[in-house]
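S.K.: Required output: the full structure, derived from the provided sequences and hints.
Note that the protein sequences, when read in sequence, are chains L and H.
Under full-length UniProt numbering, the final residue of the first sequence carries the number 197; numbering is consecutive throughout.
Under full-length UniProt numbering, the final residue of the second sequence carries the number 197; numbering is consecutive throughout.
Don't take every hint at face value.
Note: identical chains are not told apart, hence a pair may lie in one copy or across any two.
As the list claims (entries may be wrong) - Derived EDC-like pairs (lysine to aspartate or glutamate); straight-line CA-CA distance at most 20 Å:
id, residue 1, residue 2
1, Lys-38, Asp-6
2, Lys-9, Asp-88
3, Lys-38, Asp-49
4, Lys-20, Glu-93
5, Lys-9, Glu-70
6, Lys-194, Glu-135
7, Lys-9, Glu-36
8, Lys-9, Glu-62
9, Lys-38, Asp-5
10, Lys-20, Glu-31
11, Lys-73, Glu-136
12, Lys-20, Glu-84
13, Lys-73, Asp-6
14, Lys-20, Asp-88
15, Lys-9, Glu-93
16, Lys-20, Asp-123
17, Lys-38, Glu-126
Just so you know, the hints here were simulated from the structure itself, not pulled from any lab data.
Number of protein chains: 2
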Amino acid sequence: MSAIDDLIKALCCLPGVGQKSAQRMTFQLLERRREEAKVLAQALLTAADNVGHCQRCRTLTENTLCSICESPKRQSSGLICVVETPADVMAIEQTSQYQGRYFVLMGHLSPLDGIGPDDIGLDVLEQQLQQGGIEEVILATNPTVEGEATAHFIADLARQHRITTSRIAHGVPVGGELGYVDQTTLGHAFSGRKRLD
Amino acid sequence: MSAIDDLIKALCCLPGVGQKSAQRMTFQLLERRREEAKVLAQALLTAADNVGHCQRCRTLTENTLCSICESPKRQSSGLICVVETPADVMAIEQTSQYQGRYFVLMGHLSPLDGIGPDDIGLDVLEQQLQQGGIEEVILATNPTVEGEATAHFIADLARQHRITTSRIAHGVPVGGELGYVDQTTLGHAFSGRKRLD
Numbered sequence: 001m002s003a004i005d006d007l008i009k010a011l012c013c014l015p016g017v018g019q020k021s022a023q024r025m026t027f028q029l030l031e032r033r034r035e036e037a038k039v040l041a042q043a044l045l046t047a048a049d050n051v052g053h054c055q056r057c058r059t060l061t062e063n064t065l066c067s068i069c070e071s072p073k074r075q076s077s078g079l080i081c082v083v084e085t086p087a088d089v090m091a092i093e094q095t096s097q098y099q100g101r102y103f104v105l106m107g108h109l110s111p112l113d114g115i116g117p118d119d120i121g122l123d124v125l126e127q128q129l130q131q132g133g134i135e136e137v138i139l140a141t142n143p144t145v146e147g148e149a150t151a152h153f154i155a156d157l158a159r160q161h162r163i164t165t166s167r168i169a170h171g172v173p174v175g176g177e178l179g180y181v182d183q184t185t186l187g188h189a190f191s192g193r194k195r196l197d
Numbered sequence: 001m002s003a004i005d006d007l008i009k010a011l012c013c014l015p016g017v018g019q020k021s022a023q024r025m026t027f028q029l030l031e032r033r034r035e036e037a038k039v040l041a042q043a044l045l046t047a048a049d050n051v052g053h054c055q056r057c058r059t060l061t062e063n064t065l066c067s068i069c070e071s072p073k074r075q076s077s078g079l080i081c082v083v084e085t086p087a088d089v090m091a092i093e094q095t096s097q098y099q100g101r102y103f104v105l106m107g108h109l110s111p112l113d114g115i116g117p118d119d120i121g122l123d124v125l126e127q128q129l130q131q132g133g134i135e136e137v138i139l140a141t142n143p144t145v146e147g148e149a150t151a152h153f154i155a156d157l158a159r160q161h162r163i164t165t166s167r168i169a170h171g172v173p174v175g176g177e178l179g180y181v182d183q184t185t186l187g188h189a190f191s192g193r194k195r196l197d
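M.R.: This is the structure we're talking about:
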């Protein structure tokens with residue numbers, strides 16, 4: 001069963017897929033979905049060979065510039081949103097609320113792991129701030145210790161170039177119940193309260 | 001982001017993988033695991049092109065006969081275990097308790113879906129029972145309505161050829177607590193009780 005075992009082992013490299021799920025996937029693909037298996041194989045090869053980083057915002061793309069960086073309307077918006085990963089870009093895009101450009105750090109500052117400002121492309125970001133045309137830097141890094149530290153670091157950078165910075169709001173999720181929200185989030189929700197007019 | 005979108009969509013064909021998991025897999029593969037992505041693509045192509053059914057027991061294999069059907073020791077054991085899927089064979093093999101051969105139905109009888117005896121290979125199984133050399137048929141189909149019906153059907157078949165049949169034991173799982181076991185299982189556990197000597 002060598003080809004089958006190989007496939008089970010290879011599927012285990014996917015995040016969240018263990019031995020049992022890999023077995024189930026393998027048998028389902030082989031019993032009923034061979035065409036889909038081939039389509040998946042082709043998609044993996046194409047993506048692994050062609051996808052690189054956008055030269056301007058560092059997100060994943062097959063072209064020199066991603067579609068957002070190629071849109072003149074978005075480039076001239078004066079807004080730049082700094083996120084940690086391409087998945088964050090996708091999540092924000094799905095809201096259709098934001099019409100500016102992005103900068104993807106592909107990680108966060110983590111001195112203990114040897115990840116400094118240049119490793120997350122802050123030299124590239126600084127060049128872009130220097131070039132002008134940016135009126136506001138929106139910090140959308142994750143609300144973790146590293147994400148907050150990274151946000152503070154970038155805020156300092158923006159301040160040196162006299163550019164307004166903002167942090168996305170943290171608080172009680174819409175549809176969430178107060179009783180199930182953790183203390184830190186609730187603390188943020190109080191300190192970030194808004195006056196009603 | 002066409003190559004990325006294609007990969008996300010293709011990953012959604014895997015069982016238990018939705019849009020969000022597919023996104024997470026795609027980004028993780030592209031950010032850190034391109035080599036593993038290529039290995040997976042190759043494994044998918046090899047398996048989809050080469051894996052067929054064993055001519056004797058109908059399990060999935062790349063050869064004419066699977067490794068179990070090629071083992072003379074197992075073929076001469078006189079035992080044949082009937083299971084629904086290749087995954088069941090793998091599960092039983094992992095116990096190392098069984099040293100006979102298998103017959104894989106690749107499904108179960110389901111008249112409402114138009115799945116009759118010949119669709120699950122019972123004509124092939126009958127030929128094998130006729131050829132002799134089998135002393136006991138062990139029925140290890142799932143304890144579902146269809147699995148039980150299939151087991152009864154095969155038991156009748158074996159009886160016609162005067163071959164002993166047995167059904168694997170159903171009862172309280174080892175390590176399980178009685179309070180958490182469902183009524184049907186507990187019923188089976190009582191009716192299948194064994195006298196202690």
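S.K.: State whether the alpha carbon distance between Lys-194 and Glu-135 is at most 20 Å within one copy, between copies, both, or neither.
M.R.: For Lys-194 and Glu-135, the Cα distance exceeds 20 Å both inside one copy (24 Å) and across copies (80 Å).
S.K.: Within a copy, between copies, both or neither: which one fits Lys-20 and Glu-84 at a CA-CA cutoff of 20 Å?
M.R.: Only across copies: Lys-20 and Glu-84 sit 17 Å apart there, 32 Å inside one copy, limit 20 Å.
S.K.: Treating 20 Å as the Cα threshold, decide for Lys-9 and Asp-88: within, between, both or neither.
M.R.: Close across copies (18 Å), not inside one copy (29 Å); limit 20 Å.
S.K.: With identical chains, the pair Lys-38 and Glu-126 could be close in the same copy or across copies; at 20 Å between alpha carbons, which is it: within, between, both, or neither?
M.R.: neither (44 Å within a copy, 35 Å between copies)
S.K.: Evaluate Lys-9 and Glu-93 at a C-alpha cut-off of 20 Å and name the case that applies: within, between, both or neither.
M.R.: Classified as between: cross-chain Cα gap 17 Å, same-chain 34 Å, threshold 20 Å.
S.K.: At 20 Å max between alpha carbons, let me know whether Lys-73 reaches Asp-6 within a copy, between copies, both or neither.
M.R.: Neither: 48 Å inside a chain and 26 Å across chains, both beyond 20 Å.
S.K.: Between copies, within a copy, both or neither: which fits Lys-20 and Asp-123 at Cα up to 20 Å?
M.R.: neither (44 Å within a copy, 31 Å between copies)
S.K.: Are the CA atoms of Lys-9 and Glu-62 at most 20 Å apart within a copy, between copies, both, or neither?
M.R.: between (28 Å within a copy, 16 Å between copies)
S.K.: Under a CA distance limit of 20 Å, which applies to Lys-20 and Glu-93: within one copy, between copies, both, or neither?
M.R.: Answer is between: at 14 Å across copies they meet the 20 Å cutoff, but 34 Å inside does not.
S.K.: When no copy is specified for Lys-73 and Glu-136, does a C-alpha distance of 20 Å or less occur within a copy, between copies, both, or neither?
M.R.: Classified as within: same-chain Cα gap 16 Å, cross-chain 75 Å, threshold 20 Å.
S.K.: Could you place Lys-20 and Glu-31 in one of the four classes (within, between, both, neither) given a Cα distance threshold of 20 Å?
M.R.: within (16 Å within a copy, 25 Å between copies)
S.K.: Since the copies are identical, ignore which copy is meant and state whether Lys-9 and Glu-70 lie within 20 Å (CA to CA) inside a copy, between copies, both or neither.
M.R.: neither (40 Å within a copy, 24 Å between copies)
Against the hints set out earlier in the document, violations occur for numbers 5, 6, 13, 16 and 17.
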